[in-house]
Structure formats: structure tokens, C-alpha cells
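Trainee: Those sequence lines, one after another, are chains L and X.
12 is the number of the first residue of the first sequence in our numbering; add one for each residue after it.
12 is the number of the first residue of the second sequence in our numbering; add one for each residue after it.
Hints listed in this document are in silico derivations from the structure and should not be mistaken for laboratory results.
Nothing here was measured: the structure is a model prediction, and the numbers come from that model.
Each hint should be verified, as a subset may be incorrect.
Copies of one chain are not kept apart here, so a pair can be met inside one copy or by any two copies together.
[Claimed, not checked] Cross-link-like lysine-lysine pairs, in silico, DSSO-like; alpha carbons within 27 Å at most:
id : residue 1 : residue 2
1  : K312      : K116
2  : K22       : K116
3  : K312      : K90
4  : K312      : K121
5  : K214      : K56
6  : K136      : K147
7  : K136      : K214
8  : K136      : K250
9  : K15       : K268
10 : K278      : K90
11 : K214      : K347
12 : K151      : K174
13 : K121      : K347
Single-letter residue listing:
2 protein chains.
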Amino acid sequence: MNPKLQWLRNKMNSLDMQGIIISNPVNIFYLTGIDAEGTLLLTRKENIFITDARYIEHVHSILTLYDEIIVYDIRDISKDDYENFFLFCENVGFEEYYVSYANYKEFVRKYRINNLVETEHIIEKQRMIKDDDEIKSIIKACNITDACFSHILKYIKPQMTEKQIAEEIDRYYNEHAEGTSFETIVASGENTSMPHATPTDRKIQEKDIITIDMGCKVNGYCSDMTRTFFVGEVPEAVKPVYDLVLKNQIQTMQDFKDGISTRILSKMVENDFRLNGYDLVHSLGHGVGLEIHEPPFINYKTDIPLKENMVVTNEPGIYIPGKFGVRIEDTVQITKFGCINLTNSEKNYIII
Amino acid sequence: MNPKLQWLRNKMNSLDMQGIIISNPVNIFYLTGIDAEGTLLLTRKENIFITDARYIEHVHSILTLYDEIIVYDIRDISKDDYENFFLFCENVGFEEYYVSYANYKEFVRKYRINNLVETEHIIEKQRMIKDDDEIKSIIKACNITDACFSHILKYIKPQMTEKQIAEEIDRYYNEHAEGTSFETIVASGENTSMPHATPTDRKIQEKDIITIDMGCKVNGYCSDMTRTFFVGEVPEAVKPVYDLVLKNQIQTMQDFKDGISTRILSKMVENDFRLNGYDLVHSLGHGVGLEIHEPPFINYKTDIPLKENMVVTNEPGIYIPGKFGVRIEDTVQITKFGCINLTNSEKNYIII
Numbered sequence: 012m013n014p015k016l017q018w019l020r021n022k023m024n025s026l027d028m029q030g031i032i033i034s035n036p037v038n039i040f041y042l043t044g045i046d047a048e049g050t051l052l053l054t055r056k057e058n059i060f061i062t063d064a065r066y067i068e069h070v071h072s073i074l075t076l077y078d079e080i081i082v083y084d085i086r087d088i089s090k091d092d093y094e095n096f097f098l099f100c101e102n103v104g105f106e107e108y109y110v111s112y113a114n115y116k117e118f119v120r121k122y123r124i125n126n127l128v129e130t131e132h133i134i135e136k137q138r139m140i141k142d143d144d145e146i147k148s149i150i151k152a153c154n155i156t157d158a159c160f161s162h163i164l165k166y167i168k169p170q171m172t173e174k175q176i177a178e179e180i181d182r183y184y185n186e187h188a189e190g191t192s193f194e195t196i197v198a199s200g201e202n203t204s205m206p207h208a209t210p211t212d213r214k215i216q217e218k219d220i221i222t223i224d225m226g227c228k229v230n231g232y233c234s235d236m237t238r239t240f241f242v243g244e245v246p247e248a249v250k251p252v253y254d255l256v257l258k259n260q261i262q263t264m265q266d267f268k269d270g271i272s273t274r275i276l277s278k279m280v281e282n283d284f285r286l287n288g289y290d291l292v293h294s295l296g297h298g299v300g301l302e303i304h305e306p307p308f309i310n311y312k313t314d315i316p317l318k319e320n321m322v323v324t325n326e327p328g329i330y331i332p333g334k335f336g337v338r339i340e341d342t343v344q345i346t347k348f349g350c351i352n353l354t355n356s357e358k359n360y361i362i363i
Numbered sequence: 012m013n014p015k016l017q018w019l020r021n022k023m024n025s026l027d028m029q030g031i032i033i034s035n036p037v038n039i040f041y042l043t044g045i046d047a048e049g050t051l052l053l054t055r056k057e058n059i060f061i062t063d064a065r066y067i068e069h070v071h072s073i074l075t076l077y078d079e080i081i082v083y084d085i086r087d088i089s090k091d092d093y094e095n096f097f098l099f100c101e102n103v104g105f106e107e108y109y110v111s112y113a114n115y116k117e118f119v120r121k122y123r124i125n126n127l128v129e130t131e132h133i134i135e136k137q138r139m140i141k142d143d144d145e146i147k148s149i150i151k152a153c154n155i156t157d158a159c160f161s162h163i164l165k166y167i168k169p170q171m172t173e174k175q176i177a178e179e180i181d182r183y184y185n186e187h188a189e190g191t192s193f194e195t196i197v198a199s200g201e202n203t204s205m206p207h208a209t210p211t212d213r214k215i216q217e218k219d220i221i222t223i224d225m226g227c228k229v230n231g232y233c234s235d236m237t238r239t240f241f242v243g244e245v246p247e248a249v250k251p252v253y254d255l256v257l258k259n260q261i262q263t264m265q266d267f268k269d270g271i272s273t274r275i276l277s278k279m280v281e282n283d284f285r286l287n288g289y290d291l292v293h294s295l296g297h298g299v300g301l302e303i304h305e306p307p308f309i310n311y312k313t314d315i316p317l318k319e320n321m322v323v324t325n326e327p328g329i330y331i332p333g334k335f336g337v338r339i340e341d342t343v344q345i346t347k348f349g350c351i352n353l354t355n356s357e358k359n360y361i362i363i
């Protein structure tokens, strides 16, 4: 059996769970490599993937005998089959944060499970700690992101629209990686004051401030980087804000290490921003992996100790409504005694 | 108040519901035009949108006084506020197909609701019937899709990869619309045998069969069209399959009208395919609107009468594993006595 399924079976044993229903496609991909619609069942004796005719051929092309996964076409499963899957299971787990209330009720009815139990993100928690292969994929995605950013700095010319720049980034990522890991953000001028701006037809002008938030995928794993930079010169009004954001981004990088609390990290930046009359309006960072946003989330609401081989972003930002915003973001690997910055593009004033 | 919120309030009255929690962002956009993360609450007297600092500015730029929606920053809401929102509500609805089991439990705890009731897709059911503005947007998206297909037929040259063709479609849609409505499918040669193929580095060759499934968005509304076509000539082995798919696509178009059952439509195509030794492996069609796949679904499992001003796809397909596949798909508006085909690209043998 593949090591991730074996890990899950051991975990289930320790939790007195005899079966589990995995519905979240990201968790299914993590455990099995299958990137197709369907449901993964771990019953007492078998690993079963239920899919439909559209995906049967594709799924068979991914799996090997070694995976020990039986593939079923959903049209071939009878009412009795469903009731037999978990026949002698006392406790069967399900993903209560992914499964809708309606599906929960459907599970109880269809599988006739005695005790359908919440699994409290067991797979997501394991996914927070990346293994060597996962880190290699993320590093590759980060390297491609640095290269794409270098390329785009040379590519941008006044009169180009935000949309055109975003398209070039997307094109680059389609050519060099598995496409983008989220919708590319290119914001210029006053549009930078919105943390989640979508690219518009606004044209780049002299003395503009530009924020680009970009990332790609390699083997399904994401990168995430933001830079704020300038056309021609750095406006005087922006300098103190940029310096404050950068100072906090570098300070956070120095604080990142195994054991430090996500809440303390976030509070330190928030306090420094407030001392200067600004606010930290979004999370300081988030985990990066198969999903662009995944646990751990680094903000005032969470209090999780970072752990070795978590991969997280470090992205303080300040936004002044109607005027401008500054965000600087890197993807970072946590280590025992510090961290390794995986995106390495310039962070001092960049002027194009 | 905007007419869609007014409709929902009337519907709530008729269902003896004094409040409702809307979490699905597509439903929030449908009802309010807000395209931001957050939760919409309709309480006894107020319409409330709870979001966070990232979106406050953007949301205020969308809403007018006429909308009668109060916007809250989630950080300003206290425990007591949550408990007061639905204080005198007996029954409060929630979207049981969208809300996770964990969130359902959180709602009960946080809002202290006496009776949190399932709403059985009330908004999705209303969304199935499109109003004039919605149909106009879909028609525009369909026209752009026809134009994009004409463009791409001229664009494709032997030795191009599937990925290159998909990128050109995406670029076209980014330029002429709000981008794609789903991940463009370009499959060639034996790759066409997978209904949900993703574009690969396979190069287009002489005598290839090519399937392209494409669509874009206008004002948030989707189009969806598939054509299967040929390089140089139509292989003899493909002709009978193509003819059978096209015959059923045209027959379905003639059967589409107010009142006909989705199950009967699907069964008729399935029967004809089986008579000829093939199978209908995916749905015959699906609703199209703010989502690329939305109710009604046209397959053997559903039994819904089509209604005037539903917009659905008509997409029979036959797939021969390891060899080739043929799918022909249009986006169609149902009328009282028939239907209007909104995508009008050629369906007879297309040879490039």
C-alpha cells in the first residue's frame, strides 16, 4: 500500500475508527495521486475509489497494483453494496468541514453507519508537514515564480493594461509550470489599495505603484509571491509605508521557526503597524501546498505552533483606501531553528 | 429593495421562515451583485452582509442605497450581535447542500437559532429560470464563443500542441469576455476518448480528430460549446460514430421544450446509443448560468420537467477507450413550444 494510505490506516487505528469516507478531492489526490471526481472509502479490508465512467480510464492509468485501490463505477454499485461497505465498522470517519449537511444525512442513510464521526482535519493536519518530494515541488514552483517575475519586470511598459500583464504571467506559467496556483493579481495606482484586486483595463502610467501577487503549480503544489514596485520613481508618500511593510516582513522572517505561535507572529506585526497608525487587515500568512490557502493560517484568531517542514507565506500588507497599498510576500519553509525563504526576488525598492 | 431580495423575502414568508443565512457566494452574487467573500443574512427587518476588511471598500462600491443592505466588518461583530440577529425568528433557513456539517453546528452555536431549517435549493431553483438580463448575458457569451471557435479553426496548424490551442482560446476570452467559464478542453487523437481530458503537449497531426470544449463569461454568466472536428479528412472509423452523435444531438434539440422530462430526454439518447453498441457515459446536458454546471441536470437520475427560459446544454457524446471520442454540444434556451440554439457554430463535418 502507498505510504500515505498506510499512514491514514495507522491513524484510524489509533482513533478507533474502522472506516473512513474521504470526499475532499485535494485529500484524495494527496493520499492516492488520483485527480478525478469520486469518493475514497477505506473499509475494514479494502481501499475503494468510487468514480464514474468519465474517469474510469484515467484513474486506471494512474494507479498501480502497489496502491491496492479497487476502482468502482458508481453505476455498478447497488443499495446493498453501499450497506455492506462499512457493515462491521463501529465508527466511520467523514470530513465534517468538507461534507455538506445534506451529504452528511445522505451518508447516514446510504451507508447505514452506526456512528459517523468527525475527523477534525486529520488529513489536513498531516498535509501541513511537507515531505521531501512535496518540498521539492514547491521549491520548483517558487523558482519558476522568481523567473517569471524577472521576466515580467522587463515585459511591463507604460500604456499596458493590468489585464495584459496578468495574461503574460498566466502564459508564462502555462508554458513553464502547470499554470497558475490562483488568479493572478495585477493592481496599479489606486487599485493597489484593494488587497484582492482583480486585473482591470487600467493602463500603467509613469510614477505608478504596481502590486503583483502571483504563483504557479508544479506536480500539483503551489507557490505564492507578491511584490510591490514602481514606475520611474518611488512616490515620497509611499516610502514610509513600504519601509514599514518591508521591516515587518524581514522581522517575521527572522521570527519564523519551529515552535513559534501564529498568534504571536501576527500580533507583533499588528502592534507595529498600529504604533504607526495603520492596521493589519488580512492574515500575515497561510500554509501553501496542494492548495494555495491551507492550514496553518497565521493571524490573530489562530494559535498554532509552526513546525519544521511547514511551508507558509509571510505577507504583511498596508492598504490606504482610495490611495494605494503595499504588500510584500514570500513562500517560506519552516526549519528547526529558523526558516528558508523559497521565493527570492528583490525586496528593496524595485523601479522599472 | 432589489427585486431578487424582494422575491426571496416573499418566498420566505410563504415558507414560514423569518430569517435566512446565505453562504454560497454564487447565490449571494445572484441576489445582490456582491462578488466578495462573506455571508448574507436576511433577518426580520434587515439585510446584512458580513465581510472582512479586504472587501469592505469593494462592496461599498457595488451597493446603492436602493439595495438596502447593511455591510458589517466581521471583526466588529460581538458574540451578542450574533445572538441578536435572529432573536425573534422561529425558523431560520440555511443552504444544507452548501454549508458543511461543521459550519451547520457552528451556526446553531453562534446564532442560537431555535430551528435551523433546510431550504431545499430555493435559490438554485429560482436561478434555473433566467430573466431577460440573464439571457442577454448568456447570448453575448455564446456569440463570443462562436466567434472564438471561428478564430481557432483558422489558428490551428499541424505541430501545434493542445496546450497552445487552449492558451489561444483563453487569450481570446480574456480579451473579448471575462475569461473562460471553465478550464478549456482541447483533446486530439486518442486523447479525445476521455470526456474530461486536460490539454497536453501532444502535437496536432495530419488526420487527427480534435475535440474542443469551450466557454466564456459575460456579466458573470457562462456559455458552453463543444465541437469535434478533423485535420485533412474524416477517418472512416469515426464517421458512423460522429453521425450517430450528431443525429441524437439534433433529435434532442427537436425534443427540447417546456414540459419535457430530463429523464426521458436522456433515456431516448441512451437507448439509441445502446441499439448501436455504445453507451451514454455522461449526462446529456446541464443547466448553464452563473455556474457552468448548475441545475437542471439532464440524465437518467433526474426527472425534472424543463421550463421556459431555462438555459441548458445538449451534449451527447460517445467515447471509445484508447481510440477516440466524439461530443457535440450547444447551449440552448428552452421556450414554451421548442428551443432556441444559442451557440451556432457548424455541426456537420468540419475539416481543417
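Trainee: Tell me the numbers of any earlier hints that the structure contravenes, in ascending order.
Mentor: 5, 7, 8, 11 and 13
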